[in-house]
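Spelled out, the chains give:
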Amino acid sequence: MLVNSEQIISALIETVQMVAFSLLFSTILGLPLGILLVVTRKGHLLQNLPFFTVLNGIINIFRSVPFIILLVAMIPVTRLIVGTSIGTAAAVVPLVFYAGPYIARLIENSLLEVDPGVIEAAEAMGATPGQIIFKFLIPEALSSLVLALTIATIGLVGASAMAGAVGGGGIGDLAITYGYQRFDTVTMMITVAILIVMVQGLQSLGNIAAKKIRRR
Amino acid sequence: MIEFQNLKKVYESGGQQVAALNGIDLKINKGEIFGVIGFSGAGKSSLIRCVNLLERPTSGSVIVDGHNLTSMSVKEVREIKKNIGMVFQHFNLLNSKTVFANVAMPLTLAKVPKEAVKKRVQELLEFVGLADKADYYPDQLSGGQKQRVGIARALATQPSILLCDEATSALDPQTTSSILQLLKKIKNEYNITILIITHEMAVIREICDRVAVIEAGKIIEDGTVFDVFSAPKTQTAKNFVSTVMNDQLPNSIKEIIQKHDGMQRIFRINFVGNSAGQPLLSELAKQFDIHINVLFGNITELQGTPFGNLIVEFQGSDKEVIRALTYINQKKISIKEVNSHAS
Chain A
2 MLVNSEQIIS ALIETVQMVA FSLLFSTILG LPLGILLVVT RKGHLLQNLP
52 FFTVLNGIIN IFRSVPFIIL LVAMIPVTRL IVGTSIGTAA AVVPLVFYAG
102 PYIARLIENS LLEVDPGVIE AAEAMGATPG QIIFKFLIPE ALSSLVLALT
152 IATIGLVGAS AMAGAVGGGG IGDLAITYGY QRFDTVTMMI TVAILIVMVQ
202 GLQSLGNIAA KKIRRR
Chain B
86 MIEFQNLKKV YESGGQQVAA LNGIDLKINK GEIFGVIGFS GAGKSSLIRC
136 VNLLERPTSG SVIVDGHNLT SMSVKEVREI KKNIGMVFQH FNLLNSKTVF
186 ANVAMPLTLA KVPKEAVKKR VQELLEFVGL ADKADYYPDQ LSGGQKQRVG
236 IARALATQPS ILLCDEATSA LDPQTTSSIL QLLKKIKNEY NITILIITHE
286 MAVIREICDR VAVIEAGKII EDGTVFDVFS APKTQTAKNF VSTVMNDQLP
336 NSIKEIIQKH DGMQRIFRIN FVGNSAGQPL LSELAKQFDI HINVLFGNIT
386 ELQGTPFGNL IVEFQGSDKE VIRALTYINQ KKISIKEVNS HAS
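Chain order of the listed sequences is A and B. Using my numbering, you'd call the opening residue of the first sequence number 2 and step up by one each time. Using my numbering, you'd call the opening residue of the second sequence number 86 and step up by one each time.
FYI, nobody ran anything at the bench for these hints, they're computed from the structure. Keep in mind that a hint or two might mislead.
Here are the computed lysine to any residue pairs in the SDA-like style, where the Cα-Cα straight-line distance is at most 25 Å [to be verified]:
(1) K43(A) <-> E140(B)
(2) K182(B) <-> I177(A)
(3) K212(A) <-> D220(B)
(4) K136(A) <-> K93(B)
(5) K93(B) <-> Q48(A)
(6) K136(A) <-> N414(B)
(7) K160(B) <-> R42(A)
(8) K136(A) <-> E208(B)
(9) K160(B) <-> L47(A)
(10) K212(A) <-> G228(B)
(11) K167(B) <-> G131(A)
(12) K167(B) <-> P244(B)
With the C-beta cut set under 8 Å, the calculated list includes, among others, these residues of chain A facing chain B [unchecked claim]:
(13) G118
(14) A128
(15) G131
(16) Q132
By construction, the Cβ of each residue, glycine as well, lies at the ideal position given by its N, Cα and C atoms.
Required output: the full structure, derived from the provided sequences and hints.
What follows is the structure, encoded as structure tokens:
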């Protein structure tokens with residue numbers, strides 16, 4: 002094995018940092034977009050078809066660019082925001098542009114699952130659109146939203162491994178530079194095992210949280 | 086009080102215009118239970134949803150307690166809605182919230198102080214008989230219990246109007262009956278105007294004061310429940326009435342009528358109100374030389390008044406039967422001869 006345990010641990014920390022920050026920022030970006038995708042559609046609370054059509058199109062465009070291309074295409078934007086295009090912090094920018102629209106779609110799906118009857122009841126009570134979104138739609142969809150964010154988090158773990166390719170660091174970087182390029186099978190096995198454990202853990206955590214919210 | 090004036094609602098789907106409401110004029114008085122009955126697609130759901138503008142009418146006015154909703158701003162309408170409670174067929178409760186939180190919701194939205202909310206919700210749960218279920222979640226309740234929560238929620242802001250959109254259509258007959266009793270209790274204790282939309286005539290019979298029959302977006306018949314049930318004018322109303330009144334003759338009786346010879350005559354006697362309390366048949370048998378055979382009968386109660394009809398066979402000489410008929414006519418009881426092809 003060409004790497005020591007210290008390298009693995011620091012790579013792990015880098016991955017966790019990348020995933021955590023990009024999850025945070027892409028949720029901040031994706032949550033409002035997801036809500037807007039729902040409420041501006043035809044027949045909904047704040048119907049606005051031109052706005053919906055444009056937003057829907059933009060999200061589709063971002064969703065159709067393969068991440069590895071987005072990673073490179075975003076380099077100028079990353080430089081503008083972070084000041085550099087290399088390193089863990091720099092990897093967060095393309096990750097947010099990748100996961101943000103993805104989360105918007107997931108949240109849209111979760112919110113659309115809410116029984117339209119509940120929204121009708123809210124309207125009958127004289128609730129404002131803001132109250133309907135925050136006191137009816139989101140609480141009713143919460144459990145499903147947690148599962149959606151779990152899917153997004155796992156997607157980010159995978160994407161962050163790819164971000165290693167452009168110098169983002171992390172477990173993926175280790176796997177590529179040592180395991181793949183230098184034929185270090187042991188490092189490859191260890192890094193893959195760490196990713197498997199991470200994904201399993203995250204999914205279980207998400208399931209438990211969603212179940213807890215659904216019941217209580 | 087709710088008043089509809091030439092209310093029209095037109096939907097557009099795929100370039101085609103479908104008129105759900107075709108000029109409705111109707112006045113629902115304060116403190117009464119008013120039922121609107123119609124088949125699926127007759128427009129009854131559109132009608133009730135126009136009362137709180139869940140659907141905006143295409144033209145015409147909706148006047149609630151003197152306010153013309155169609156000419157008010159969205160904000161003003163939101164305020165008015167707090168005075169209009171609504172109960173739904175599928176309850177529409179928040180599954181993520183407890184019974185308490187569901188009932189408290191309209192008060193929370195109106196920013197009522199916490200202590201006052203608690204007091205009011207407890208009072209409401211007591212009223213609907215669910216005081217012990219405050220911490221339950223909707224999925225732990227039966228259909229009837231869920232509807233009680235829905236009713237408590239609709240009453241939270243002490244509205245003057247309660248709209249029931251097929252409120253009992255998803256419930257079994259026994260539960261339906263208990264929910265209807267609850268609505269009756271609400272009317273009596275709070276003097277609320279209740280508008281009920283249903284396709285079940287039994288619901289109308291059980292609690293409504295007045296009824297309107299809606300068909301193809303128009304009110305084709307309306308009146309007191311007693312009048313519509315005892316003398317329906319339109320075919321649709323007759324069909325609805327016959328679903329609960331059971332005044333069609335069974336086939337076995339029709340066969341008897343077909344086979345009858347000259348010595349027997351068969352009549353339908355209608356009893357309404359006081360006449361239902363008189364011992365008419367035994368009087369006839371004692372005073373005239375005829376035998377009376379009851380073939381079929383059905384007596385029910387409408388709005389506290391007995392109502393029904395009997396199919397009877399008179400056996401005896403023509404003279405005696407005619408005398409008996411004269412006697413019945415004098416008593417102002419409606420009697421009609423049933424011939425072999427009549428129903």
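Determine which of the earlier numbered hints do not hold for this structure and return their numbers in increasing order. Numbers 2, 4, 6, 15 - these are the hints that the structure violates, sorted from lowest upward.
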